[in-house]
Amino acid sequence: MLRRFAPRNDGEGDLGSKTPQRSARRCGDLDLRRPNAYLAGVSIAEPELSLDLLPERFQRWFAARGWAPRDHQLALLDKARANRSALLIAPTGAGKTLAGFLPSLVELSSNLSPPAGRGRLVGAAGKSGEGADESLLEQAARSAEAPPHPALQAALAAPPSPRARGEGRGPPSRGLHTLYISPLKALAVDIARNLEAPIAQMKLPIRVETRTGDTPVSRRARQRKYPPDILLTTPEQLALLLASDDGPYLFGSLKRIVLDELHALVTSKRGDLLSLDLARLWRLAPQVRAIGLSATVADPDELARFLVPQPDGHALSADIVIAGGAAPPIVEMLDTKERLPWAGHSARHALAEIYDLIKANKTTLVFVNTRSQAEMLFQELWRMNDDNLAIALHHGSLDVGQRRKVEDAMAAGRLRAVVCTSSLDLGVDWGDVNLVVNVGAPKGSSRLMQRIGRANHRIDEASRAVLVPSNRFEVLECVAAIDAVAENAQDTPPQRKGALDVLAQHILGRACGEPFFADDLYAEVRSAAPYADLSRADFDDTLDFVATGGYALKSYERFARIKQDKQGKWRVANPRVRQSYRLNVGTIVEEAMLKVKLVRASRGAKSGSTGAIARGGKMLGQIEEGFIEGLTLGDTFVFGGEVVRYEALVEDQVYVSRAHDKDARVPSYLGGKFPLSTYLAERVRGLLAEPKSWRALPDQVREWLSLQSHASRVPAKRELVVETFPRANKYYLVCYPFEGRLAHQTLGMLLTRRLERARARPLGFVANEYALAVWGLGDLSHMIRHGRLDLDALFDPDMLGDDLEAWLAESALMKRTFRYCAIISGLIARRFAGEEKTKRQVLFSTDLVYDVLNKHQPDHVLLRAARADAATGLLDLRRVGDMLARIRGRIVHKELDRVSPLAVPVMLEIGREPVYGEASDELLAEAADELVREAMEGRDS
Amino acid sequence: MPGLVPGIHEYSIPPSSSWMAGTSPAMTTMFADPLPINDCIVTIAGATFVADLAGALYWEDERLLVVSDLHLEKGSSFAMRGVLLPPYDTVATLGRLGAVITRFDPKTVIALGDSFHDRDAHDRLSETNRDILVALQTRRDWIWIAGNHDPALPSNLGGSVADEVAIGPITFRHEPTGARGEIAGHLHPKARVSRRGRGVERRCFAGDGMRVVMPAFGSYAGGLNIRDAAFARLFRLDALIAHVLGDHRLHAIAASRCC
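These protein sequence lines are chains Z and F, in that order.
According to this note's numbering, the first sequence is numbered sequentially starting from 23.
According to this note's numbering, the second sequence is numbered sequentially starting from 642.
Hints may be right or wrong, so weigh each one.
Stated by the list, open to error - Covered stretches of chain F, as calculated for chain Z (at least 3 residues, CB under 8 Å):
#1 714-723
#2 730-744
#3 886-895
In case anyone wonders, no lab produced these hints; they're calculated from the structure.
Note that the coordinates shown come from a computational prediction; the quantities given were computed from them, not determined experimentally.
For each residue, glycine too, the CB sits at the ideal point set by N, CA and C.
Isolated chain Z (complex conformation) (with noise of 0.2 Å):
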């Protein structure tokens, strides 16, 4: 799966060598007249770089910095002087901003001194017959004359006219040339900062500037109608832009688009939505060409598609330029000298050795996967901090005034360490950290080698982490994904399909801006590559969904938002439709989140009144909706950094008080957001397999894994270990799928549906990353020893047929998807016009829709959006699915008289994670039951 990009003629290439090529030479030591080494073109054969590339002036300034362009910064030059797209992937820390830039730079500086002898790429912006010696202010004069876009005169009758400006009252304005795309806001502020150095110190008359959720409506209006040269922006403003009148305009004269951090944005309903975008701007301007920028990826022909049109029919890439490899990383597997954990993720017993890693270092950044284990972390971290280090806590979470302090205090080197989770995956660069810890299973090799790039951010050192497991099966997880570091072997997830609750936004949004026709629509759509597949029939139904549900019953045609005129073009019906759009654009719905705020404890200890406490209060952050609905009043839990004690819900606020308890009653509840990536489950099963391999395994690991198969059996690589036992009262089936705690879940629910069915009296069941444990009244061990039950019956992929279909029909997790395509789609508004309703004054409930809906048009394009998420997201279908054939024939029982050493780990889990299969009434009975008790015990005094 993993390309090898080796060089093709350099003396000190170690063809076929595991460890990636050290290529970021300073200038010493890098003959630029030589062929390029780290290149890899897929179409195209390398051209001799060289310093020619680069303008006299950049190169003075390389010059003065005492640095040398990179080799993949001039191929980035080259590609654009070819007029090529390309995917530039680089590791961190390799100028990869500076390299997507210097095209641009170069270009818009050659308006002052262009290249001799090479004229420059004449677009739509109409500025063809520029001299060489015309100056910028002559240009612009004469761009007023002719707006940039005579093509879109019409378009331009709401906001003024380039040519109705009138003389000086704006900088001068040559149309966009460059648009930048970040994931993130901050990220797109960092690099507007960082551009300002180069551009001043060689005074170029390059303007550039940001635009996202927090600019002002004034500068918002200049940049429409004085566009900069360069603007920096996040896919939502983007598409927000195309939305607008101005979309033709603005974007007429654009020549090239940077898209940072690529492989993180196409992985999610974000990256549908900016090729979608993408796909309108190749229209609007058919010159621009596309930089994407990103860390290495298990595929990049596949991720270079999305910089290029997709024509019909078959798959086109930009060209690819690898930037050579940094530095191999330093990953080693925290030895404890403690026991090692058989469950849970909080990695206790490892803190003292994290917090004399941390002392040993200047600055390091400790990762781990959920919120409430850096809660649990950065408390007990404090607890021990004796030597007072400035450990300070990061997460999506807290108040962003909070973050931005840490982040701050982290750039101007004032911590020792921050404990953070995902929330720093991404994003600005800090230079000096020196350690990255990773605590918790490493998920996946891709992941786990972009948060160790985020220490040390230049490229020729080597990145130092440690990794900490925190349970025994992290063990092989953790060893694993070092193996998989150490070939640099990716396994990031293939290319999405587009989804059908994007392309309605997107659809109606297009209408929204100019009127289209459905034919136009459908080819341009095409060109995405998420959407290179995209049948006519789900093109037409989502467009009928836009414009009045889409639904069999046709009661909806008089209040359709978006209408066919004369011609037969599409357009906006009202402008509410265009306002609420605006007010809703977007594909990231949270979770409801609701404030955290710290107030005085109540005096009644479970009172539960609200009017007894004091509002106002300060604000700690936020906490998932979905969090505080599974605690009753008086429960504790850790919140910023403490224990706190649940008071009230009032609306949308959480009312908490310090409490002065030293552990939480309601423990962290998740193991992880991300599940372990098919890859490394692979690799673990591979691992296991592998007895010889076992040496690489700490002592208690290894006598774990003797042990087990002297018990019962250690899986081989392709097989799935059924075991069953006998445990107080109650029988258990455990099996060992490695396929992740949301599979893991989904297969759960089919199973216990079937075993109930087998009268095996299933109770419920648990699972982890690694493991599946049911419970039941039935003798498992009896039914499948006397042929009543098959275990190749029972893990039938038939499962995925009738079983899925009636249970999807009723899963919360079903719901809480259709709930997020439902917003996305436009159905229901996140923001109302006029009224900003909290999440928790919602009109209807999402649910009862559901309900309705999959009883009375089950195929509704809504429904299908939904299941198709539910193939990769919260149910994870698909590899429940390719588990199920992966396994066919190769089920192993072993009936056991107890508990297999394998099995101890996920059956600890029971009580401690929630339990899943236990269905409503049981829990409202409980509490029914706990009403009668009450009213018998009354009696009784």
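Chain F: place on chain Z using the hints.
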């Protein structure tokens, strides 16, 4: 255990759960067949009613069925404002209403207000739904109580229109006042129960043996938590019992145990 809990004479224990006796209550009926007994008996100011799992109350002595807050045509009401909810809510609501009517075959049906989601909603009823409604009304008295969403109902809907109806100790009105013997709607009560980090939220009857607030019956009708201040004005917390509509049965739960 008759009489143990105020307002509850009999609390049905599903017969099919006997084989699980002694196991954790949380697990009992997880995979049991849908239960044959799915309602319970409640008294309100001395009168005896059957609380049905669908969210209706049936008064055997009077052969009278009460449902509240049907919110018919809520879907199209949103559609008018650009939120194109699936247009199947009315037929779904009427379908469930039909099932309850078939079950009890009442002499009188009272729709306790907010039967239509807005003032013009009855005009938007499709022909099909109008016919279903006429069929439901055939051979029985039908009383539309006026609600805040539908204060002025036309006469062509069949049945009669009233602000409130009093029969014996019981008064039927839309908005609860807290009076003794009152059966009201309007608030859409729902109850939430959390155990072991997992919560369940369902519609419920909210009552204390003297008065009751009915759950909303409409397919798209949302709910208001019984711990909201609106209920504190009507009930003492320690006396308030929620009869929660579970998947297969009703559950009587003290409001103080809800969250």
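Taking the hints in turn, this is what the structure says about them:
Only residues whose C-beta sits within less than 8 Å of a C-beta in chain Z count toward coverage, and the segment 714-723 of chain F has 6 of them, enough to reach three; the restraint holds. A stretch counts as covered by a chain when three or more of its residues have a beta carbon under 8 Å from one of that chain; for the segment 730-744 of chain F and chain Z the count is 3, and the coverage holds. Here the segment 886-895 of chain F counts 8 residues with a CB under 8 Å from a CB of chain Z, which clears the bar of 3, and the coverage holds.
In this structure, none of the earlier numbered hints is contradicted; all agree with it.
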